[in-house]
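Top line first, the protein sequences correspond to chains A and B. Under full-length UniProt numbering, the first residue of the first sequence is numbered 1, with each subsequent residue one higher. Under full-length UniProt numbering, the first residue of the second sequence is numbered 1, with each subsequent residue one higher.
For the record, the hints were derived by calculation from the structure and aren't laboratory data. Do not take every clue at face value.
No distinction is drawn between identical chains; accordingly, a pair holds when it is met within one copy or between any pair of copies.
[What the hints assert, rightly or not] With a straight-line cut-off of 25 angstroms between C-alpha atoms, the simulated SDA-like cross-links for lysine to any residue are:
no., residue 1, residue 2
1, K331, T267
2, K331, E159
3, K123, V73
4, K281, H80
5, K281, V313
6, K123, E107
7, K331, A149
8, K123, E170
9, K281, L3
10, K331, Y312
11, K281, W347
12, K281, K331
Number of protein chains: 2
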Amino acid sequence: MSLEGRFDAEAGLVYVGGDARQRYHDSRGYGYPISSNEIALSPVEAAHLLYRGDLEAVVDDANGARLDFQSFVAREPGDHFGVRFLVYADLRSRGFYLSPADESWVEDPPTGEADFAVFPRGKGPGDGEIAYALRIIGERTDVSAAELAEGVLAVVDEESEITYFEVNREEPTGDSNPDVALPQGCEADLLADRVVVWDPPLELYERLFYGQPLEGREYDRPTLQCSLLEAAYLAERGAIDLDPATVRERGREVEGDRFERRLAVYTDLRERDVVPKTGYKFGADFRTYAAVDSVAELDHSELLVRVHPADYVFEPRDLALDVRLAHGVRKTMVFALVDDDGDVDWWSLERLTP
Amino acid sequence: MSLEGRFDAEAGLVYVGGDARQRYHDSRGYGYPISSNEIALSPVEAAHLLYRGDLEAVVDDANGARLDFQSFVAREPGDHFGVRFLVYADLRSRGFYLSPADESWVEDPPTGEADFAVFPRGKGPGDGEIAYALRIIGERTDVSAAELAEGVLAVVDEESEITYFEVNREEPTGDSNPDVALPQGCEADLLADRVVVWDPPLELYERLFYGQPLEGREYDRPTLQCSLLEAAYLAERGAIDLDPATVRERGREVEGDRFERRLAVYTDLRERDVVPKTGYKFGADFRTYAAVDSVAELDHSELLVRVHPADYVFEPRDLALDVRLAHGVRKTMVFALVDDDGDVDWWSLERLTP
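Work the whole structure out from these sequences, hints included.
Here's what the structure looks like:
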């Protein structure tokens with residue numbers, strides 16, 4: 001026998017009596033109990049029970065109107081209801097229970113922008129365990145960097161397909177620390193957009209992985225082309241005979257503030273014994289190598305790094321592009337957020353199949 | 001015996017006498033003959049001969065200074081010289097000859113923004129055949145859509161690595177034309193960011209590939225979720241009972257002018273019997289299917305389409321990202337440029353290994 005619910009639009013809750021507590025909450029994780037029989041449901045939970053045919057109808061307290069799935073959904077025309085319903089239904093169809101991130105439903109609900117608490121497979125709201133906090137957005141909803149939180153971000157695209165991203169804090173670490181000192185005072189020329197280092201010791205490239213040798217010449221003292229970032233880092237440490245301020249000035253001329261942010265990230269990575277090289281071929285700022293001992297024995301790079309200011313606002317479409325590309329080349333997509341003091345906050349995003 | 005050149009900085013030419021014509025031009029494709037022995041070289045060609053040690057030095061007409069490779073390059077601090085030199089050297093090392101895109105070097109040189117004419121393998125400037133026009137830019141040089149031309153675009157990144165893109169006009173064609181008429185007047189609701197079509201004939205999805213069925217319900221009359229683009233197209237043709245103007249208005253509210261451009265491209269593709277679906281998971285506007293007869297027997301999609309206004313300016317980094325991603329998923333990256341009248345100009349970009 002199907003039950004009916006009572007919709008209190010003002011409270012944003014649907015109440016169901018009868019054996020609803022046992023039938024919907026205790027055994028299937030919907031709503032929260034308000035008495036030994038009755039439960040309260042969020043509109044998304046109620047819509048799902050209507051959709052499945054488990055609730056016959058919902059009666060609107062205000063006017064006595066009997067709402068079925070179609071008319072209940074039409075009452076909630078905002079997109080956030082639509083996208084939350086789709087993700088809620090998708091996760092339930094995959095065998096997960098989830099509850100609104102609110103203390104009526106769960107003790108210690110996730111904070112911040114979370115929409116739901118998702119429970120471990122086989123667990124429900126009463127079991128005191130949360131697998132992850134879930135945030136749900138449409139593909140046109142921007143995400144500010146400051147709102148990033150560990151958990152899962154579900155993006156619903158315009159055709160109602162869902163992509164899940166696992167969001168984690170990341171601390172890049174490496175052990176690229178060959179027993180080779182930086183050379184000092186190598187002759188170098190600043191060109192418009194790069195620096196040529198004339199005849200440095202081979203180790204500068206071959207072990208420490210700075211620059212790119214000009215090909216077609218004898219190789220024991222290579223002619224190295226360095227990016228302005230590499231050159232600024234090397235000049236700062238006396239390795240090349242250019243004034244560090246001049247190189248940074250040139251960097252700012254060609255890239256603006258972005259150069260300073262990228263230099264902060266480049267420096268942070270080098271100090272973590274991770275070697276950054278340009279990520280241009282992947283459309284990123286850097287690709288990184290965690291364990292360089294010699295360029296001849298280089299492993300694949302592990303991370304793709306995109307640098308943004310700390311107050312950056314992501315578009316979900318760009319996130320999809322970056323994460324998809326990184327996944328396709330078996331790297332992890334990492335975002336380096338740089339604040340005004342040059343401090344770097346690291347986040348990784350990876351595709352997840354729940 | 002090495003020769004020396006004479007540098008006329010004002011003309012931007014290096015003259016070499018002796019047996020230069022036979023030695024450098026006739027047998028190796030450098031410069032153009034100005035007498036039975038003497039040739040004229042562009043600075044890039046001269047730099048390459050200096051770099052290889054084939055030219056001993058170049059003497060500056062103005063002051064008698066003797067320039068070697070390092071000092072000659074330092075005289076040309078603009079980045080365009082640097083990036084052209086790198087690409088020139090790379091293509092020569094791959095066994096190709098190329099000449100400046102100028103009628104002193106080649107009959108019928110390529111026009112527009114081309115830097116060089118590249119000859120077919122084994123051919124040179126005197127053979128009257130050009131393989132492609134080559135344009136060379138640094139990764140920070142923007143490319144306006146209006147300048148796109150068939151040929152090859154070489155992008156030199158900040159670490160002096162080169163990516164080659166083959167640029168072609170594209171005419172998407174398909175034969176997705178199942179023998180099924182569009183239904184008329186299906187009941188539909190406009191939600192914030194999408195449209196629900198209630199119980200349309202199964203063919204609307206299953207054969208014509210509009211929308212996405214809501215899962216978990218009986219399926220002979222599916223509940224279809226359509227994007228606003230699909231809905232605008234269907235409403236215009238009477239297939240759903242929504243006012244086309246209202247749907248387009250909603251599209252403009254959520255996406256601005258971009259919605260109209262995307263609708264122009266969506267419509268153009270449907271009229272070419274190509275089925276566009278969202279490209280969100282690839283960070284693109286559409287993925288396309290050229291031959292849909294039934295969704296149950298769908299092949300992989302062939303193109304990724306990004307929509308831009310006709311006056312768009314590309315950043316090479318974004319091009320790299322798009323083309324790399326498309327390549328990784330074995331699709332062709334296509335740019336649809338939409339002018340103010342809604343006419344669409346189609347271009348493809350693909351990675352090329354010369």
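Which hints from the list above does the structure break, by number from lowest to highest?
Violated hints: 3, 8, 9; rest satisfied.
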